[in-house]
Amino acid sequence: GYFFKQTSIAVDRSSFSGRKQAMIDADQKIKEGYSVCIFPEGGIPPQKYLMRGFKAGAFKLAVENSIPVVLVSIYQSKYRLGDWGEPSSVGPVDTKVLGEFWADPKASNPVQELMDRSYRILATDLKNWGHTGEVVLPLVEN
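Going by our numbering, the letters in the sequence shown line up with residues 556 to 697, in that order.
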């Protein structure tokens with residue numbers, strides 16, 4: 556509805572041009588001084604995995620705009636959102652802000668370095684909280 560259209564950037568995940576346009580829109584919002592929230596997994600992982608491998612878009616935006624990535628763990632999302640055909644449930648969702656993380660300017664590939672480090676930090680926190688599932692490596696920059 557109205558609220559979603561005013562506060563969200565829609566992503567057509569079925570097309571490369573749709574994904575690219577979402578990143579262009581997010582870049583513009585950042586340049587206008589807005590903060591943006593991006594889920595770098597780009598979707599819900601199969602049940603056996605803790606998280607999907609990350610896509611590079613959010614990290615590329617951070618590096619190109621010289622801004623940090625703020626990592627947030629969302630603990631009960633798999634249970635509350637009814638993934639894998641399970642019904643959704645009502646209840647609290649615990650979150651934890653893990654901090655802000657900047658790209659290493661000395662890295663040969665700062666986007667990949669920030670993406671890999673962010674994935675490891677989030678995966679470790681989710682495992683420590685009690686989430687189960689295999690950890691997949693982050694995707695190569697795309």
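What the hints contain is simulated information worked out from the structure, not anything from laboratory work.
All C-beta atoms, glycine included, are put in the ideal place defined by N, C-alpha and C.
Any given hint could be a false lead.
Said to hold, decoys possible - Dumping the calculated SDA-like pairs for lysine to any residue here, alpha-carbon to alpha-carbon at most 25 Å: (1) K651 with Q667; (2) K633 with K586; (3) K615 with P600; (4) K615 with D680; (5) K651 with T687; (6) K633 with D671; (7) K682 with K586; (8) K633 with D582; (9) K633 with Q583; (10) K584 with K603; (11) K560 with K603; (12) K560 with Q583; (13) K615 with D582; (14) K586 with S643; (15) K586 with D659; (16) K633 with E619; (17) K603 with Q576; (18) K603 with E655; (19) K560 with V627; (20) K615 with A581; (21) K584 with W657; (22) K615 with A565; (23) K651 with K575; (24) K584 with A611; (25) K586 with P600; (26) K584 with E655; (27) K603 with A678; (28) K584 with S644; (29) K575 with S644; (30) K682 with G597; (31) K603 with R675; (32) K560 with Q576; (33) K651 with C592; (34) K615 with S644; (35) K633 with Y589; (36) K651 with Q576; (37) K651 with L626.
Claimed, not checked - Just the calculated beta-carbon pair ranges, DEER-fashion: (38) K586 with W657: 14 to 24 Å; (39) S663 with S643: 12 to 22 Å; (40) Y557 with S663: 43 to 53 Å.
Quick rundown of the hints versus the structure:
| no. | hint | result |
| --- | --- | --- |
| 1 | K651 with Q667 | 24 Å, holds |
| 2 | K633 with K586 | 33 Å, violated |
| 3 | K615 with P600 | 22 Å, holds |
| 4 | K615 with D680 | 23 Å, holds |
| 5 | K651 with T687 | 18 Å, holds |
| 6 | K633 with D671 | 22 Å, holds |
| 7 | K682 with K586 | 35 Å, violated |
| 8 | K633 with D582 | 29 Å, violated |
| 9 | K633 with Q583 | 31 Å, violated |
| 10 | K584 with K603 | 35 Å, violated |
| 11 | K560 with K603 | 33 Å, violated |
| 12 | K560 with Q583 | 16 Å, holds |
| 13 | K615 with D582 | 10 Å, holds |
| 14 | K586 with S643 | 36 Å, violated |
| 15 | K586 with D659 | 21 Å, holds |
| 16 | K633 with E619 | 32 Å, violated |
| 17 | K603 with Q576 | 31 Å, violated |
| 18 | K603 with E655 | 28 Å, violated |
| 19 | K560 with V627 | 24 Å, holds |
| 20 | K615 with A581 | 11 Å, holds |
| 21 | K584 with W657 | 19 Å, holds |
| 22 | K615 with A565 | 19 Å, holds |
| 23 | K651 with K575 | 29 Å, violated |
| 24 | K584 with A611 | 18 Å, holds |
| 25 | K586 with P600 | 31 Å, violated |
| 26 | K584 with E655 | 19 Å, holds |
| 27 | K603 with A678 | 14 Å, holds |
| 28 | K584 with S644 | 33 Å, violated |
| 29 | K575 with S644 | 33 Å, violated |
| 30 | K682 with G597 | 20 Å, holds |
| 31 | K603 with R675 | 18 Å, holds |
| 32 | K560 with Q576 | 15 Å, holds |
| 33 | K651 with C592 | 15 Å, holds |
| 34 | K615 with S644 | 35 Å, violated |
| 35 | K633 with Y589 | 28 Å, violated |
| 36 | K651 with Q576 | 30 Å, violated |
| 37 | K651 with L626 | 8 Å, holds |
| 38 | K586 with W657: 14 to 24 Å | 18 Å, holds |
| 39 | S663 with S643: 12 to 22 Å | 43 Å, violated |
| 40 | Y557 with S663: 43 to 53 Å | 45 Å, holds |
Figure legend: structure checked against the earlier numbered hints; hints not met, in rising order: 2, 7, 8, 9, 10, 11, 14, 16, 17, 18, 23, 25, 28, 29, 34, 35, 36 and 39.
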